[in-house]
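Using the sequences and the hints, build the whole thing.
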Amino acid sequence: MADIMNAIGKTLDLANDLPPMRMPDVKMPNIKLPNVNLPKVELPKVDTSKAKAAAEKLPKFSVPKFSLPKFEKKAKYPNPAFFKAKDNMDWKAQGENLKEVGGIIMQLFKEADWKDFLLRQKNGFAADFARVKSEVEELSAMTPEERKDIFLHGEKHLGKLYRSGCMATVRREWRGAKDTAYDFYEWLHMWGMLLGTFSHDLVPALNATFHYRWMISYMCCVGFMDKNTLGQKGSALKMSHLMIYDIFRYVAENLVFLAKCDEKNGNSKELNKKVVLFDEMTMGQIMAGFPDLLGIPYQLMPVFLVSEIDQLTCVPYIDAVESFGLPADTCPVPSSECGALVLDALPHMGACFISSSMPCDGSVMASSYMSRRFPDLPVFHLTFPVRYEYEETVEDAAEDIKACIKFVEEKTGAKWNWDAYFTNMKRFNEETKYELEKWEVNKTPYPQIIGPAYELFRKWNYEMDGGSDPRVPKTFRKVDKIMKQAYERREEAWRGKMKYRGIVWSCPAHYYANFSNWIANCWGVDILVEMESLNFTKPLETEDKELALQDLARLYERMVMRRHTNGGYRNVVDELWRQCEAWNVEIIIMYQNVACKNMSTLQGILDEQARDKGYHMIWLEHDLMDPRTVSRKSMRAKVNEYMRTVMKAEPVDPSLVEFDDENAM
Amino acid sequence: MKKALKVLGKIAAIGAAVYAALFAVFYFDLDGKALFKFVEPTLVKHYDNMPRRDPMSRPYGDKPTNE
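Residue numbers (my numbering), protein chains in the order written: chain A, 1 to 665; chain B, 1 to 67.
The reader is advised that the hints may include incorrect statements.
[As the list claims (entries may be wrong)] Restraint ranges, calculated between C-beta atoms of paired labels, are given here:
hint : chain 1 : residue 1 : chain 2 : residue 2 : range
1    : B       : M50       : A       : F109      : 15 to 23 Å
2    : A       : D329      : B       : T42       : 33 to 41 Å
3    : B       : Y60       : A       : K478      : 53 to 61 Å
4    : B       : K10       : A       : P144      : 32 to 40 Å
5    : A       : E621      : B       : Y27       : 35 to 43 Å
6    : A       : S164      : B       : Y60       : 45 to 53 Å
7    : B       : V44       : A       : E96       : 16 to 24 Å
8    : A       : E96       : B       : Y60       : 25 to 33 Å
9    : A       : V657      : B       : T42       : 32 to 40 Å
10   : B       : A20       : A       : A112      : 26 to 34 Å
These are computed hints drawn from the structure, not numbers from a lab.
Built from N, CA and C at the ideal position, the CB exists for glycine as well.
What follows is the structure, encoded as structure tokens:
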């Protein structure tokens, strides 16, 4: 049976790539057959339910037109009761904290070297003045047509937006009158959403800023939005903004919940009873069956996501845990998580915690550390089989999920709700269909939706949202409409910068989440897809309960990164060549997390096979969350060298070839 | 009528001024600069001063209770 299921699985994989077949029209001759009386034979009864279920899962070769059910009109999400839950704040402790911040401000004010401060301001103004002067001179030297072009279509040299040693850019990009106006609108929209969300429970949210270093980085999330959209215009800019907005709405809401629940801040006992924490690498879909509970990916906000917004956030955490003896070549994800625990930078909250062995054994280390730090928090370890392609392991994984559900029920008193689960999974299935539409468009010679915002949105939707937020399908619909209109018009996703088709393989550097943006703006290499997006796309079962749990297990086993770096050679090596062919790419950006032992074993094999197959493979070393090991500048230098020496290419924007962003967010 | 136009004119002028001010904050990245120059240095000092739980000072006999 297992062999048959394996064979079906392989056939399905191959079938995904097959072109639609058309049978030739053949006219058959009319032949009259003689009448023969056949004896009646009674056939034994065969249980066809399993075969029917398997047949239902077969992919359809043409994507049908569909309309989403309007879930979002009925449900309020997140549950308003979560925001309204009563806080049990220790006002005295908060007062002390606030007093200390006030004291520091006074101290800074008194101890400040005002001469030095004024001198720095003077130098800053002088630099600004020189920049404005040079920009004015540049503009005056242009012909009226060139000036009109810049006014309407935006500036061409983006490297000048960075200033050495600064965290913020010197100014925002001029994208042309229309697109700058739109960008401004989205900036207001984002700040409005952030303030609106924080005002749901302002005091604990503000207090969290005085407790946790990572909170301050979120105030720069608008700057992160700029980094991801740099150089984008028109439809591409609109789609990026729509997707980033959804991610940050989720982040802002969860930051409020973290602040409300944290013992040091809101300390809401009422809400804590309903909070199930799960490891940031554990997918959120399991919470779909508990609509009365609040699932929070625990380390996502304090560690994982923030390291993409601010490259320097995790450095103190890594240093802290390494000072306790952890080797410096450990993966920075679990290192940072453990370091955050050492520094007490994670909130103390929740009714229970679901940990996992995903994507690799690094998570196990962090989970153990976590459970030792908070011994009062019951922990369930989800440990899915590594060899996930063997179908006989699915039942084990499904049993693991059942046990996890039972654990949550016991610890919170809530009951698993199949209706709620199926509703969310139907929504998730529809979202996956929209995702596949994006892939189809990007595989054509006119890709429309490229850049870091698309990748981040995919990962967030697949891993964290998972169909739970009824507002998200609206974004999918809007993006789909814009994308198809842009495709009809044969727009360039990166105007004037579409030179090479590229794919990203292996896990990318968190501290350079917008790398694909730089490589498009600087060299015209357009990243059509990243490895971490290419996950489980088969529709999940939404009727049969047993099959639904098995599908959920299959989904979890194919989480971001795990789908490729676990389960054997063919998932990461053979799969790369399959995808390169499907997306018709010529350049492979091969990330090498210097601390990832799984991937480092394959370097020679990948190199050799890429040469044989004629792909340009650019190896990019990085240390995931620690920019001190390999800086952004070093990563860029590697690409610059390859493009100049091997590709003999000229940069699209020479101002981006070399610039200093060591301190930039 | 004139009064109404005057009021509308004033509202439009205030709206335009607010719009211009917000656009200046946006275009010159003043929100980012304010965080970088003032908010971050203040809070970083506060974070460094905060008393933190020291895992090394955990009592030897303290037994974990999680499952």
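Hints, one by one, checked against the model:
no. : hint                       : in the structure
1   : B/M50 / A/F109: 15 to 23 Å : 20 Å, holds
2   : A/D329 / B/T42: 33 to 41 Å : 35 Å, holds
3   : B/Y60 / A/K478: 53 to 61 Å : 59 Å, holds
4   : B/K10 / A/P144: 32 to 40 Å : 38 Å, holds
5   : A/E621 / B/Y27: 35 to 43 Å : 37 Å, holds
6   : A/S164 / B/Y60: 45 to 53 Å : 51 Å, holds
7   : B/V44 / A/E96: 16 to 24 Å  : 19 Å, holds
8   : A/E96 / B/Y60: 25 to 33 Å  : 30 Å, holds
9   : A/V657 / B/T42: 32 to 40 Å : 36 Å, holds
10  : B/A20 / A/A112: 26 to 34 Å : 32 Å, holds
In summary, this structure violates none of the numbered hints.
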